[in-house]
Amino acid sequence: MILKVFILLFGIFAVSRSYLRYKDRLLTMTAALFWILLWTLIILSVMFKEETSSLAQYFGIGRGADLLLFGAVLFLSYLSFRLYVRVEELRQELTRLIRALAIREVEEDRKKNNNRPSKRDLPGAA
Amino acid sequence: MALSQRSITIRSDWQNEPTCRPVEQPGNISTLSVGRSAVDSELDLSGTFVVVPAYNEAHMIASVIEDLRQVVPVTRIIVVDDGSDDATANIAGSFGAITIRHAINRGQGAALATGIEYALNHKSAAVIVTFDGDGQHQAQEIPELVRPILEGTTEVVLGTRFSGKRASGIRKSRILTLKLGVIFTRMVSGIRVSDCHNGFRAFSRKAAQQIRISQDGMTHASEILDEVMRNRLPYLEHPVQICYTDYSRCKGQRSGQAFELAIKFLMSRLLR
Chain A
82 MILKVFILLF
92 GIFAVSRSYL
102 RYKDRLLTMT
112 AALFWILLWT
122 LIILSVMFKE
132 ETSSLAQYFG
142 IGRGADLLLF
152 GAVLFLSYLS
162 FRLYVRVEEL
172 RQELTRLIRA
182 LAIREVEEDR
192 KKNNNRPSKR
202 DLPGAA
Chain B
4 MALSQRSITI
14 RSDWQNEPTC
24 RPVEQPGNIS
34 TLSVGRSAVD
44 SELDLSGTFV
54 VVPAYNEAHM
64 IASVIEDLRQ
74 VVPVTRIIVV
84 DDGSDDATAN
94 IAGSFGAITI
104 RHAINRGQGA
114 ALATGIEYAL
124 NHKSAAVIVT
134 FDGDGQHQAQ
144 EIPELVRPIL
154 EGTTEVVLGT
164 RFSGKRASGI
174 RKSRILTLKL
184 GVIFTRMVSG
194 IRVSDCHNGF
204 RAFSRKAAQQ
214 IRISQDGMTH
224 ASEILDEVMR
234 NRLPYLEHPV
244 QICYTDYSRC
254 KGQRSGQAFE
264 LAIKFLMSRL
274 LR
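Chains as they are written, first to last, in the working numbering: chain A, 82 to 207; chain B, 4 to 275.
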């Protein structure tokens, strides 16, 4: 019973967070809807234990809670994969940006110094 | 402030270290100059660009450039300062080397890719050599390394420390890790090499254009071999001497990192 209340409260909290992050423009509407739907589903499955258990048996899994766990592990694995890909994309984008800036800087320096004597030509440079 | 004081202490330690780089001893420079003219008469190295990735190498970069310019013109030396906290870029610039500076540290693979991209902007770049910034490699070996490419017999030459010349000062644990790396690379990429993590390589212009380095960190070494196979580039290995010092060992990879690198490389292959 305590767990039920706890999950219910946490679920409501998570739904409100998703809505607020959407309002802050940190989540797109699709992403916000997805999170809200997911948490609503979790709340409902806790509230209506018998119905989820019969659904679980239909899938050949013993209890509703097991079905939930099974789904959660699958979903989390997928989510971490998505995050990994995204982080990788960001890392590569950042490197490309740093590279472009670095090359642009040295090209500009070269153009600027084109008419000046090179440092290596100056006495004592080596 | 505390950081700079620390780096100064470290630097003075390294300066006292015995070295196996002949160019650092003034008496040997003239000998090398003679060697250079002999090399020039045989091989035209004017289209050879050397890319040196460097991260916090202020105490070594001067001697590395000094060594390199006995062999290639200083305007063909590209030092990529990978967001160093020390004076690496300033020192490299004062020697007249082309100095590209990453605003933040992105890893050796990223630095190499930057240097290669910049070298390819020069139409005269026919061969691109990658050369470590920690003083492990010997510049006088460049002509022999690039020779097969200039003669048109291959597109990629990979330096190897396990064929012919012995690596000086190498630890047994490092040999074991590198050998395991060779087996791993053979299984994953299908390339048969005797040394899979050697930073001393030479690429023809065509090879440099085709090889895509997307791994910023140390996994780029495996990625390069993978790319050589993927693009079906003809390659050969050339024995080079790697000079290990306490400094280079300290700067280099730990054997314990090998497993992490292998996992990273496999993940990057899965996502490609």
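Calculated from the structure, these hints are not laboratory results.
One should not assume that every hint holds.
[Unchecked claim] Taking lysine-lysine and the DSS-like style, the derived pairs with C-alpha atoms no more than 25 Å apart in a straight line are: (1) K209/B to K126/B; (2) K192/A to K126/B; (3) K182/B to K126/B; (4) K193/A to K126/B; (5) K130/A to K192/A.
[Unchecked claim] Here are some, though not all, of the chain A residues that point toward chain B, as calculated from beta-carbon distances under 7 Å: (6) L89; (7) L160; (8) T176; (9) R177; (10) I184.
What you are looking at is a predicted structure, and each value in this text was computed from that prediction instead of being measured.
Glycine included, every Cβ here is placed at the ideal spot set by N, Cα and C.
Here's how the hints hold up against the structure:
| no. | hint | result |
| --- | --- | --- |
| 1 | K209/B to K126/B | holds, 12 Å |
| 2 | K192/A to K126/B | holds, 17 Å |
| 3 | K182/B to K126/B | violated, 38 Å |
| 4 | K193/A to K126/B | holds, 20 Å |
| 5 | K130/A to K192/A | violated, 73 Å |
| 6 | L89 | violated, 38 Å |
| 7 | L160 | violated, 16 Å |
| 8 | T176 | holds, 5 Å |
| 9 | R177 | violated, 9 Å |
| 10 | I184 | holds, 5 Å |
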